[in-house]
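Trainee: Residue numbers for the sequence shown follow the working numbering, so the first one is 33 and each next one is one higher.
It is possible that some hints are incorrect.
Simulated crosslink set (BS3-like; lysine-lysine; CA at most 25 Å straight-line) [unchecked claim]: (1) K427 x K63; (2) K521 x K148; (3) K711 x K650; (4) K539 x K521; (5) K650 x K595; (6) K427 x K566; (7) K595 x K764; (8) K521 x K566; (9) K521 x K64; (10) K253 x K148; (11) K252 x K148; (12) K252 x K63; (13) K148 x K64; (14) K199 x K186; (15) K518 x K650; (16) K711 x K508; (17) K196 x K186; (18) K170 x K63; (19) K148 x K170.
If you're looking for bench data, these hints aren't it; they were derived computationally from the structure.
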Amino acid sequence: MQPIHSIVLAAGLSTRMGSSRTNKVCLELLKKPVICRAIEALEDYGIHSHTVVTGACAVEVMNCVDSAFRNISYAYQSSQRGAADALKCAVDSLPEGLSRDTLLLVIPGHRIVSGKVIARLLELYQQKQLKLAGAFLKGSALYPPQDLSIYLGKLGDIAEGLDKLYKAVNDGSGELRLSRLSELMNNSAAGTVIEVEDFTEVPGFNNPEEFLQVTELLRKKQGLSESTVADSEYHPVDAWLNGLDDFPDSPLNKELAELYGHDADLIGRQRSSIRKLLESAQKSWGGSQSVTLIRSPGRVNVMGRHVDHQGGNCNLMTIGYETLMVARRRQDDIVTLNNLNDEFAPAEFSIGELVRDLPWDDWQTLLDSSKLANLLKHGVSWSDYIKAVFLRFQKHFYNHKLCGMDIIVSGNVPMAAGLSSSSTLVVGTAEAVVGANRLDMEPDNLVTLCGEGEWFVGTRGGAADHAAVKLGACNKVVKVGFFDFKVEKMVNFPEDYALIVADSGIKARKSSSAKDQFNHRVSCYRIGLLLLRKFFPQYALRLQHLRDFTCENLGIPLDWFYKLLIRLPEKATRRELEAMLPDEDLSIFWSNHAEPADGLYPIRGIVIFGLAECARSKRYVSCLENNALDEVGLMMNISHNGDRVVRFSSDGQPQDYFCDTSDQALQRLIDDLRSNDAKRIEHAQLWRQPGSYRCSLPDIDQMVDLACTVPGVVGAQLAGAGLGGCMMVLVKTGAVPELTRVLTEQYYQLRGTEPRLLHCRPIAGAGPVRWTE
């Protein structure tokens, strides 16, 4: 065979991939950069001499190629003028020793060209004695027809043709196309291209959707594509219904009893909900269809509010109210959604189209993109939470094209009540995706991806809610840590006690104004940490997250700790904060929320709340374990005061409440610590400080105060992120009727609303219901 030298084009900007930092030729296909796969295919054919044309991300491209090959020379294209201009750069930079009769094979670096295509191209070139032979993809229902930018010709002919092309473009601007070069070299003669009908002979991509298609082709070629679902998770619809009917002895009913802690009332309620869901699937899909049943419980974070995204601990507990899903796999990439609650309209989307229309750089770039903003400009619907999961998981498993699914949803988790109804939807969907695609996914990674996925709809919180939903266990409180995520401890929920979750009746809507407030508080945290690093550079390397600002980590006593906090501004405007941090780009914080009406950022109060809540959440399970319930109750009450917005006077009138975080207040704590008075020293401990996060509402403050008047109540506090929703009460089981009476008579009846009190004990965390027929 006549020696061939390849020209591999890899200078593009990858704009259609939605990437501004990564050249698409460097994207990995099954753990290997696509450009390396392209050169490997050439090597397999017998081509062992190559020139790679770089431009955008040149160093990245060279590092990819040099890690696998040593017989490579490089050319550089300084301007983006098209593939023919890239070829000109290569011709001008070819290694010495190549004669004018050397055959040059030009291919894009993102396309893997089979030996069969090269052989056909060479045959056409020789038989017709062409100056330049090319290849064209015929196209099909799956792939559009396209010029493949694959050409073969002699070096001397190509050099002369390029001279003609540049003379034809007199003004020196515009895109220089290889197809135009071919026309000039062959005098516009017909029959200068081979027609490729089989895309698998020339797989390549220009956008994320096509990238996934190429990945799937390679997976099939390597025998990796077919994923079979687990027999214990997927059963015919009729088998599920028959298993429910055989009560209580069937394997299915025994499994449900374990999941729900053998609570007869709870089991009965959830079996009824499961039956309705399966009957809907039977009516829509037929009884023989193989489906999975996913359960995803609501949660409460019993201690550690607003600090998961700052690295603090959360102490999590599931509740006996769930989102349920029945799902079946599809052979295409379409996802259909239906909900038994008529409030939620049916929806449908294509995973490929969703991926194709959004940036592919990294998750943060996607979230910040104008395309996503345009997608969500009309508001967030329930289906967007499910889209978020498919998109985040497809982005993470970019070498595994996710299958489509049909999903029917029902649930009884109160919405907009601070019980993570949206997170149950996200985690439930994630479980369905993992099971249908047999993804290798550890629970901690699933939790992290779910937390990041929910950023898609605009809230920039952490993963505590998703951790609680996923990792909950019967009769257990789970202490988790973040950065890196870990389950630190599981302790028993106290016997003879209940957690009553009481709905205020005020929806904690994730509206734009609510998101503004949530993101405003988180921005205060992050700016506070930047200020601490700047003011105390000797500690900067130790402060990766706000939770790291502790006496133990800094090696200082608590009185010094408070002295350092005095350096933080109590309140500051955006302009004042920018002046304090001239070397930081604070626009990333300003962009995720509207400026508050008063223009102020209460940095110190929010930072003190976060640091104190981290201290409370760290010690919570030890108190439970030691049955120190009075201390547990005290922590609940102090924590709520950090979110409190009003106190009620003796005649029941609300008065604005602010925790004092002034210089004088911190100095009093310092004096207490230095007083040698045990009571004053205990009162000045960090965990006893409320701080000032202020995400409660007057109605919830009143419910907390009413609950605390009931004998047998241990403590009460806000549940969830706040601005509506629920509060929670830890109470002796025998005092539940009196608590119910007080809240009913003094809160619900006065507002003309039905009482909504949920009696909660922990149940198993989210996952597919597994059983064997």
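Trainee: Check the hint pairing K148 with K64 against an upper bound of 25 Å on the C-alpha distance.
Mentor: Given pair K148, K64 holds - Cα atoms ~22 Å apart, limit 25 Å.
Trainee: Mind checking the alpha carbons of K199 and K186 for me, to see if they're no more than 25 Å apart?
Mentor: Within the cut-off at roughly 20 Å; holds.
Trainee: Need the status of pair K711, K508: alpha-carbon distance at most 25 Å?
Mentor: violated, 33 Å
Trainee: Next pair to validate is K521 with K148; report whether the Cα-Cα distance is within 25 Å.
Mentor: violated, 59 Å
Trainee: Below or equal to 25 Å on CA atoms is what counts here, so check K196 against K186.
Mentor: holds, 15 Å
Trainee: Could you grab the alpha-carbon distance between K252 and K148 and see if it respects the 25 Å cut-off?
Mentor: holds, 19 Å
Trainee: Does K764 sit within 25 Å of K595, going by the straight-line distance between their CA atoms?
Mentor: violated, 41 Å
Trainee: Below or equal to 25 Å on CA atoms is what counts here, so check K427 against K63.
Mentor: Between K427 and K63 the Cα gap is close to 15 Å, so the pair holds against 25 Å.
Trainee: Check the hint pairing K711 with K650 against an upper bound of 25 Å on the C-alpha distance.
Mentor: With a Cα-Cα distance of about 22 Å, the restraint between K711 and K650 holds, given a limit of 25 Å.
Trainee: With a cut-off of 25 Å on the C-alpha distance, tell me whether K252 and K63 pass.
Mentor: holds, 15 Å
Trainee: Quickly compare the C-alpha distance for K650 and K595 to 25 Å and report which way the hint goes.
Mentor: holds, 23 Å
Trainee: For the pair supplied as a hint, K521 and K64, is the alpha-carbon distance within the 25 Å limit?
Mentor: Roughly 39 Å separates the two Cα atoms, so the pair is violated.
Comparing the model with each earlier hint shows violations of hints 2, 4, 6, 7, 8, 9, 16, 18; every other hint is respected.
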